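S.K.: These protein sequences, in sequence, are chains A and B. Just so you know, we're using the numbering used here here: the first sequence kicks off at 4 and counts up by one. Just so you know, we're using the numbering used here here: the second sequence kicks off at 272 and counts up by one.
No wet-lab data here; the hints were simulated from the structure. Quick caveat: nothing in here was measured; it's all calculated off a predicted structure. Incorrect hints may have been included.
To be verified - Each pair of labels, with its calculated beta carbon distance range:
1) A/D746 <-> B/R404: 36 to 44 angstroms
2) A/A657 <-> B/A303: 32 to 40 angstroms
3) A/L862 <-> B/E430: 55 to 63 angstroms
Stated by the list, open to error - Negatives, chain A to chain B, calculated, CB over 12 angstroms:
4) A214
5) R416
6) I447
7) A616
8) V622
9) P641
10) A761
Where a beta carbon is used, it is the ideal one built from N, C-alpha and C, also for glycine.
Take a look at the letters that make up each chain.
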Amino acid sequence: MTEIRSGRARATAYVRPKQTSRAVRYADKAADIVVTVGGLFVILAVAGIMIFLVQVVVPLFTGGSLNESREYTLQRPEGASLAILTDDTNVLAVEVLASGKTRAVHLPTGTVLASPTIDLGGQKITAFSKSIRSDDFAVGFADGTVRFGQIGTRSTLIKASDLPPNLVRLNDLDQTDGEAVFHRRDAEQFQRTTFSVILNEPQAVAPAGRAIAQLDYRVGGTVERPTRSFLTKDGDNVLRLTRAETRVNLLTRRETTTLESATLPAMSGSGTIIGALMTAQADQVYVARENGEVLRFDTRDLGVPKLIETRRLTADGVALTTIGFLIGEQAIVVGGSDGSVNVFFRVEDAAAGTSDGHTLKLAHELERQRAPIRAIAASARNKAFATADATGVIWVRHSTSARVLMKLGESSRTEVASIGLSPRNDGVVASDASGRLRFWAIDIPHPETTLQTIFGKVWYEGFPEPAFTWQSSSGNDEFEPKLSLVPLIFGTIKATVYALLFAVPIALAAAIFTSQFVHHSVRAVVKPAMEMMASLPSVVLGFIAALILAPIVESFIAAVVLVFIALPMSLFAAAYLWQLLPPASALRWDGLPKFMFMFVVLFSGCWLSYAAAPGFEAVFFAGDFRSWVNGTAGSGRPFLVLLLLPAGFLAASALVRRALNGAMRDRVRQLGRTRAGLVDGLCWLLTLVAGAIVAFVLAYVFTAAGWDPRGGVLDTYVQRNTFVVGLAMGFAVIPIIYTIAEDAMSAVPEHLRAASLACGASPWQTATRVIIPTAVSGIFAAIMIGMGRAVGETMIVVMAAGNTPILDWNVFNGLRALSANIAVELPEAVVGSTLCRMLFLAALALFVMTFVLNTIAELIRQRFRRRAVQL
Amino acid sequence: MNAPTFGPTSYHPTKGERTSLEIKDFNLWYGAAQALFDVAMDVQVGMVTALIGPSGCGKSTLLRSMNRMNDLIDNLRINGAIRLEGDDIYGPAIDVIGLRKRMGMVFQKPNPFPMSIAENVVYPLRVDGVTDRALLEQTVERSLKAAALWDEVKGRLKENALGLSGGQQQRLCIARAVAGDPEVLLMDEPCSALDPIATAKIEELIDELRGNYTIIIVTHNMQQAARVSQNTAFMYLGRLIEYGDTKRMFTNPIEARTQDYITGRFG
């Protein structure tokens with residue numbers, strides 16, 4: 004030591020400074036900081052995305068919020084209130100009274116404006132009906148006549164320069180000329196809102212002197228040929244349905260109206276009629292009685308209207324107090340004297356025993372209010388509605404999600420006369436007999452979504468039962484978006500499962516092959532080639548799958564199915580033949596010739612399946628695979644035999660071995676080599692035949708028991724199907740699984756391989772008994788990462804999967820995955836809309852799924868690494 | 272050092288009952304580089320034969336040629352013959368896997384499988400498809416006793432073998448090699464990764480196993496060769512220099528180079 008210090012026996016001419024230079028230390032520090040900050044940013048970015056997604060999604064699950072609430076005490080109205088409505092912007096509320104008087108009120112200030120009086124010619128209105136979506140209304144009178152008209156608010160935009168002079172200021176934004184409200188939109192534009200009412204000439208419906216007690220009025224048909232239907236009930240409890248069809252002569256512009264009228268069958272039993280409803284097509288009529296009974300009439304044929312069923316829709320001892328349609332006229336809301344609010348659907352049910360095969364069923368039971376329900380106001384936009392009880396408390400509800408969105412006026416004690424839900428669902432207005440007018444500005448952006456509607460079964464209108472449904476849009480305005488994520492999550496899982504079923508065996512076999520059985524120079528070529536497969540854009544794969552693979556698979560489906568059997572078989576046969584080669588030739592042809600031979604075998608296997616496909620199809624699939632899976636041709640038995648063949652063979656060979664082994668072995672030992680081989684071969688053949696017989700018998704028994712392999716996994720064939728997706732997506736995930744599994748197997752220390760080989764194990768035994776168990780966590784992680792990739796894969800499923808959101812394991816049917824759904828529906832989603840937030844929720848679900856999968860994979864990989872270090 | 276000159280090999284082994292392995296004019300090339308030159312020796316049955324020599328002299332190559340563990344190496348070429356009980360192990364009719372079943376091997380570094388102790392021992396039986404539980408249990412006990420490990424591990428046969436100490440692991444590997452019922456045990460520097468106490472135990476074990484098995488041991492440790500072997504082969508630069516009775520080799524070597532190596536003049 005001293006020698007080195009003194010520098011006499013140094014091995015180098017270099018005198019090394021023994022202090023770290025400042026530059027090195029700073030660089031080290033800087034690198035440390037940069038790496039730390041970079042890592043933190045990565046974590047922050049991921050967390051940020053997560054938080055962003057959550058923040059976008061949260062409003063889906065919050066109810067409504069109350070922005071503003073106002074209460075005005077006005078003059079006591081002259082006459083009973085028939086209806087109250089507001090305009091689009093909640094500037095004006097209009098109340099129609101039985102006397103024909105109307106009241107227009109400026110909602111932000113409570114100022115009463117001048118409004119027209121409907122000239123009723125001294126008559127008093129006895130019945131009133133207004134459709135949910137349009138301005139059409141009808142009124143019935145004591146003399147048995149009915150008048151139709153339009154009532155509503157009109158809004159127009161005018162320039163600031165066009166404002167009339169002498170306006171009176173209402174508040175900061177609004178001015179009035181006494182009748183219309185001018186609402187400032189911006190510096191340049193004002194919105195002029197007025198109230199208008201048009202009433203047509205009276206039409207006699209009931210016998211003179213019989214007052215119209217109930218009225219329901221609908222406008223249907225097309226713009227060119229509108230049909231007006233109205234249902235009336237007069238003082239004698241006679242229900243009359245009248246349909247008026249107006250045709251416009253295109254040349255003369257003359258309108259001709261034809262009237263058809265029918266009297267509904269007399270109703271048995273008694274009870275005050277509370278309400279009568281009629282659908283827009285005038286094909287169904289509902290009449291509600293106070294005792295809770297609802298009578299349903301089929302009026303499709305106006306000549307012979309039929310009473311279909313009479314059902315009690317309230318609990319025993321509970322009176323029916325109010326009844327109403329929701330938008331779409333498929334759902335009936337029934338309010339009871341106990342405060343109950345229930346929604347009924349007319350659904351198909353053959354077991355109900357009705358003559359039209361339909362019956363009313365309780366679909367949604369909503370939270371009960373504390374006092375009898377007095378009024379229902381349905382939304383013109385969605386399945387929301389407001390119910391007012393006898394104490395004037397108003398709850399805003401949603402039918403499909405069965406939840407209460409808002410509770411308004413909880414302290415109220417006086418009964419309301421009319422309630423109205425504003426056209427944009429952003430306001431509720433209520434008036435009562437004393438002249439009190441209440442208004443609430445509310446905000447319910449996403450009334451239809453709850454955890455239950457997104458992840459649970461939901462009973463939608465027109466469906467026979469609750470179901471998981473995704474159907475976000477349609478051409479119809481009355482359509483209700485059905486937003487269940489379950490079919491999409493299912494689609495993702497289905498695509499992943501089938502893709503992995505295809506990819507995992509191939510990828511793992513390839514990994515075992517290149518890591519254990521071939522020369523490392525082959526591996527050096529194969530591995531990068533496989534990894535290059537991963538760089539193929541998935542959009543290209545999807546494109547090829549949808550436009551080339553799907554039609555090919557469809558045309559040659561039997562051959563494709565056969566390939567899965569023929570290819571491994573021909574490879575096994577080829578390997579066996581290779582074994583029979585003399586060792587010298589086998590060695591000589593080991594390199595390229597063997598490789599070429601493998602290709603020849605592959606191609607001949609494919610050709611063989613192609614050539615044998617018609618025969619295969621004829622024997623097992625009644626000659627046509629697609630009609631066989633559709634269930635329209637053939638029986639399941641031949642295919643069942645095929646399925647059970649391996650099981651039958653295993654069972655037979657186990658039996659034969661057990662029965663004959665001892666005796667046979669001794670006898671065979673005494674025979675010569677050839678003879679013994681012959682006996683062995685014969686034995687094998689015998690087992691094969693026995694296996695086939697076992698399979699056939701089992702198939703016969705199963706078929707007799709009613710079990711068919713079709714239905715479930717094998718069912719109706721669609722061109723863009725999961726099978727094609729499995730192939731294409733399998734192609735996409737094979738490289739990842741292969742690479743990681745290969746690394747894991749190659750990372751098994753060479754000394755373990757050597758130990759196993761030295762123990763007299765064959766390479767295959769070494770692979771299965773030592774390499775795979777040692778690398779199992781790495782292999783598992785490879786599969787998990789492949790799964791993560793398959794779950795998030797988008798373009799292939801968008802293009803090749805058909806995008807049908809169905810819950811169905813059928814390989815030959817399509818699917819819609821979460822990722823594909825986001826891609827497909829993005830153009831339709833308005834920012835901030837429910838659909839948009841639902842897509843973000845789908846993204847969050849996807850994120851959570853891949854995050855969980857990758858985390859599990861990483862944890863297992865960590866464990867694997869620790870174990871590998873130990874070796 | 273001067274360029275080595277090779278005279279005729281001195282050959283004076285103690286004769287056993289018969290020859291187990293017969294190596295005849297064995298040459299081996301790694302690509303263009305020749306690693307073994309005309310090696311010829313008869314390994315005597317039931318005896319311990321030590322292969323000694325400086326690093327890179329071809330001892331391990333020769334040992335690995337005996338059970339064809341060299342097969343996986345690229346561009347390997349051989350010439351000459353090695354015969355096990357008369358069967359040419361490089362002959363066209365040889366079953367390599369069967370050959371390895373006849374020759375157990377113990378490696379330089381202990382290499383137990385990441386399985387339980389018992390599973391490690393019966394691995395050769397598992398490979399042969401033995402499912403008879405009694406036979407398996409018996410083998411575990413006998414082999415572990417033969418490897419002098421039974422008393423230390425009999426309470427924890429189901430535990431992972433990687434939890435054993437280095438010396439125990441190496442004895443487990445010997446037990447595993449012995450469980451396969453080999454004729455020959457090849458040991459490639461079995462004690463080089465072990466401490467002196469473990470080494471002493473292994474040496475003792477080798478001494479006990481002698482007679483039942485033909486043992487060929489590669490070692491760097493001259494004392495070890497002297498202690499455990501009956502015959503010693505000294506190799507130098509790929510050639511067999513001297514093969515003979517161990518006592519005589521260490522006390523009165525014939526070749527000058529043997530003398531130089533044993534006395535530590537080079538190596």
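S.K.: Take a quick look at A/I447 and tell me if its Cβ sits farther than 12 angstroms from every Cβ on chain B, holds or violated.
M.R.: Consistent with the label, A/I447 stays out of reach of chain B, its closest Cβ about 61 angstroms off (over 12 angstroms).
S.K.: Please check whether A/D746 and B/R404 have a Cβ separation lying inside 36 to 44 angstroms.
M.R.: With a Cβ separation near 37 angstroms, A/D746 and B/R404 satisfy 36 to 44 angstroms, so the hint holds.
S.K.: That 55 to 63 angstroms hint for A/L862 and B/E430 (C-beta), does it hold up?
M.R.: 24 angstroms Cβ-Cβ, so the 55 to 63 angstroms window is violated.
S.K.: Kindly confirm whether 32 to 40 angstroms is satisfied by the beta carbon distance between A/A657 and B/A303.
M.R.: Check failed, 55 angstroms falls outside 32 to 40 angstroms.
S.K.: Find the nearest Cβ of chain B to the Cβ of A/R416 and say whether that gap is larger than 12 angstroms.
M.R.: holds (78 angstroms)
S.K.: Evaluate the condition: distance from the CB of A/P641 to the nearest CB of chain B exceeds 12 angstroms.
M.R.: holds (36 angstroms)
S.K.: Compute the least Cβ-Cβ separation between A/A616 and chain B, then decide whether it is above 12 angstroms.
M.R.: holds (39 angstroms)
S.K.: Checking a non-interface call: every C-beta of chain B should be farther than 12 angstroms from the C-beta of A/A214. Is that right?
M.R.: holds (95 angstroms)
S.K.: Taking C-beta pairs only, is A/V622 more than 12 angstroms away from all of chain B?
M.R.: With a cut-off of 12 angstroms, A/V622 remains clear of chain B, as the shortest Cβ separation is near 37 angstroms.
S.K.: Taking the minimum C-beta separation from A/A761 to chain B, is that value above 12 angstroms?
M.R.: Given that some Cβ of chain B is not farther than 12 angstroms from that of A/A761, nearest at about 4 angstroms, it is violated.
Hint compliance for this structure: hints 2, 3, 10 are not met, and every other hint is.
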